Amino acid sequence: MSTTTHVDLVDYDDAVARFDPVIGIEVHVELGTRTKMFDGAEQSFGEEPNTQITPTSLGLPGALPAVNGTAVEYAIRIGLALNCSIAQSCRFARKNYFYPDVPKNFQTSQYDEPIAFEGFVDVELEDGTVFRVEVERAHMEEDAGKNTHVGGATGRIHGAEYSMVDYNRAGVPLVEIVTKPITGAGERAPEVARAYVQTLRDMFRALGVSEARMERGNVRADVNVSLRATPESPLGTRTETKNVNSFRSVERSVRYEISRQAAILDAGGSIVQETRHWHEDTGITTAGRVKSDAEDYRYFPEPDLVPIVPDRAWIEEIRAALPELPAARRRRLQGDWGYADAEMRDVVNAGAVELIEATVAAGASPAAARKWWMGELARTAKQQEVELADLPITPAQIGALQQLVDAGRINDKLARQVLEGVLAGEGDPEQVVVARGLGVVSDDGPLLEAIDAALAAQPDIAEKIRGGNLGPVGAIIGAVMKATRGQADAGRVRELVLERVRA
Amino acid sequence: MTDLTRLTAAELADRLTSREVTSVEVTQAHLDRIAAVEPAVHAFLHVAHEEALATAADVDERRAAGEDLHALAGVPIAVKDVVVTRGLPTTAGSRILEGWVPPYDATLVERLKAAGLPILGKTNMDEFAMGSSTEHSGYGTTHNPWDLERIPGGSGGGSAAAVAAYEAPLAIGTDTGGSIRQPAAVTGTVGVKPTYGSVSRYGLVALASSLDQAGPCTRTVLDSALLHELIGGHDPRDSTSLPDPATGYVAAAREGASGDLRGVRVGVIRELQGEGYQPGVLARFEESLDALRGAGAEVVEVSCPHFTYALAAYYLILPAEASSNLAKFDGMRFGLRVEPSEGPVTAERVMAATRGQGFGDEVKRRIILGTYALSAGYYDAYYGSAQKVRTLIQRDFAAAFEAADVLVSPTAPTTAFKLGEKLDDPLAMYLNDVATIPANLAGVPGMSLPSGLSDDGLPVGFQILAPAREDARLYRVGAALEALLETSWEGPLLGRAPELAGGAA
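Protein chains in written order, with the working numbering: chain S, 1 to 503; chain V, 1 to 505.
It cannot be assumed that every hint is accurate.
In silico DMTMM-like pairs for lysine to aspartate or glutamate, Cα to Cα no more than 25 Å straight-line [to be verified]: (1) V/113 to V/20; (2) V/364 to S/295; (3) S/95 to V/380; (4) S/242 to S/122; (5) V/364 to S/113; (6) S/146 to V/348; (7) S/95 to V/20; (8) V/388 to S/430; (9) V/388 to S/296; (10) S/242 to V/348.
These are computed hints drawn from the structure, not numbers from a lab. Predicted model, so just to flag it, every value in this text is computed and none were measured.
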């Protein structure tokens, strides 16, 4: 299959103006359990091939599966976080198909009895719109091994000279989450798809069930797209783009499929129900397996495993111990911090929630914390083209800096210089203040000298102030600040000036 | 000196414990017997001379050092080739596993080794335990020691024949639809299929996961009890394993041997007699019932109306599970690998060529049946209906066990048939298991023990069934019947078997 074949595309805006897109997303997450789904083989990323195996994960004759209880607990956590019902009893089934990376030539999965079903997740888009995605089910299954095709140009099996299989990943526990058809997103469908996957990724991390690293394939998405004439029309034929493994790609692939399908429908053609491959480099999808050729998986209940009947009290324990999920946490923090909606959204989009939380914990007010991270530091990060969190400064340092300001030891202007010093690796704010000699002049002696000099230099202003006109005080303060190279506390200068003229 | 191979496992255990004999002597005696009679019987696919003698020597040494040993330590045993043994070839009777040496032990083998039983070797069987005659072995058939022209039963013909021919005092069998009990019946030996989940399936090359169960093949009821207690009990690696400890079987066998069955209700299953059963089989069955009555048991008739459908349901459930269980034999990771004779060498074509050459006809027949039964559009009509029948059969058992403590029937409708007689008639072959299959479908335990010789001079088996987890009842009633019948025969039935050429005692 060439990826350079010319494909007609309809302009995206045009496509969504005339068609109603419907999407559906299947997300697989690898659970971060110590051992595999059905045997005692350890599982960790990046080990030597075929070193994390047992007779069971190799599918040797006679070997049997036994369910990993921690994986069940993680699956229940995910189910509860997705507002799903948890099955009273559920079973595994065998999905039969021959492929060398599936050691038993069947995958042990859940078929008609998932552990969790009928839930939803609220997804927040970048502009703050909340979109509810209905979840059909979340079920447990095992991952396959990993094939490496050697020789041939494409790295795919076709044309390869030989293939190697690494069974370290075979049997790693997975939870697959399947949405109901997502309707009503309209032109925002690609954005909803992206935000949904991102929301799940954040949720997996918050739940502690997976490291959820996209680049390692811990989280993988299959994205279904179909078009229909109007929201009232029956669902159109869908395509399923497999293994879309970054947030950006999720959005782009949905966008691409909408444009591609619209072109076919415009030309009077019909959509072929098929799986499609996403090409990150060219930003297009190409045809994979046609659904009518799809194998009959001959599902039947896995006779080697007894049904899982989670104790209701255990489920309630898991529910009670669920950590706060990202969306709820954001709402709570926004309330605690008193940010306006738009302010909070900016903070979230800038990835500054954790930074501000830690800065507040280090003693800064929420307003001050936001001012630093979303102001000076955001500008610096943008200039340096790095993430905020990657700047060489910690929330604790920002907290310390703000405390210096609040204590009157430095003023805002000096604080910016201190920040610059910290970012330049000169140490903690305190060290920068000392090293750069930036302390606010708090000894009244030098200040009084400067004030007297300023009053003497501008006698007419001094006269006005003495006469009760406080308007020109600023001019004297300015002169004092200048004389002290900004290291004076302006408030204190003001007090001293007034004392002086009244004396 | 007594021929050590004629002693029961319990007798050998006593003499080993009292240091009258050593395990090396006992093991060597059996290896000699194997060497003498194997050319005629062919019960073994692999004989583990060195390993068996090494284990025997180790046990003797530990005993001499005063170590506390298991009661059966030093008593040799044969293991059906469907059971995975670390370092010993394991083929399950199939060419597709020729030369495969497993890197791990089945749980029951671990227990045999831990208890110090020398493993004499691996016994012949129908390929992947599919058959009732051992003729479907990929490595030649086993011959019935009673008549070498006849089948030793199947699939575990090798284990039963080895025990009947005094090649081993104990053997391990597996029973999916009668593969322990029917060979026991036609070789005049004792075989027990424990309650499903009583003995771990970890390390049994799976035929039908929901039906398979390993158990003892012996010459006496007591020996089966001893072996069952050793191999039974919970195993966390088999999630269908029961939590129950495997205890009380030996005590039940000893209690039963007193011959007193007062208060025991014995239910005769109406549907498992009559048409299709040889007159000699029925006559011996009736005699056994009389013996039970004589011991004080109350014999009642029970009806299990759905047993009529058991065979049909079994031949959907078994092939369905087998078609999936046998998918792993694809030439990719272990065992036989066949490259296509022409055309490209792709994974898919290697899998097809390997399976095409490596599997025998009966295996292919059942894979095709099972694949069909599970196919989209047919699942409900076939696999789904069969599972419903299974539930009905379980209910039949539940109702029957309200009226009786144990249920009884002839183990098989006929005595051993001639080799080749039913090879081309799969349905006739399948019918041989009509009485044993219901126990597998319901998961209940069953025993076959000798009830005499039919008119053709061949052994007849008597089957006892008990409710799930009540295996002890089999041992009590079985030991009682054994004692009563052996008194009437003035010795064990096997004593009447012809001497084998080359195997004169």
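Verification of the hints:
1. V/113 to V/20: Measuring from Cα to Cα gives roughly 22 Å; hence the hint holds.
2. V/364 to S/295: Distance ~20 Å between residue 364 of chain V and residue 295 of chain S Cα, so the pair holds.
3. S/95 to V/380: 16 Å, holds
4. S/242 to S/122: 24 Å, holds
5. V/364 to S/113: Cα-Cα ~31 Å, so violated.
6. S/146 to V/348: Status holds; Cα separation ~17 Å.
7. S/95 to V/20: 57 Å, violated
8. V/388 to S/430: 79 Å, violated
9. V/388 to S/296: 23 Å, holds
10. S/242 to V/348: 22 Å, holds
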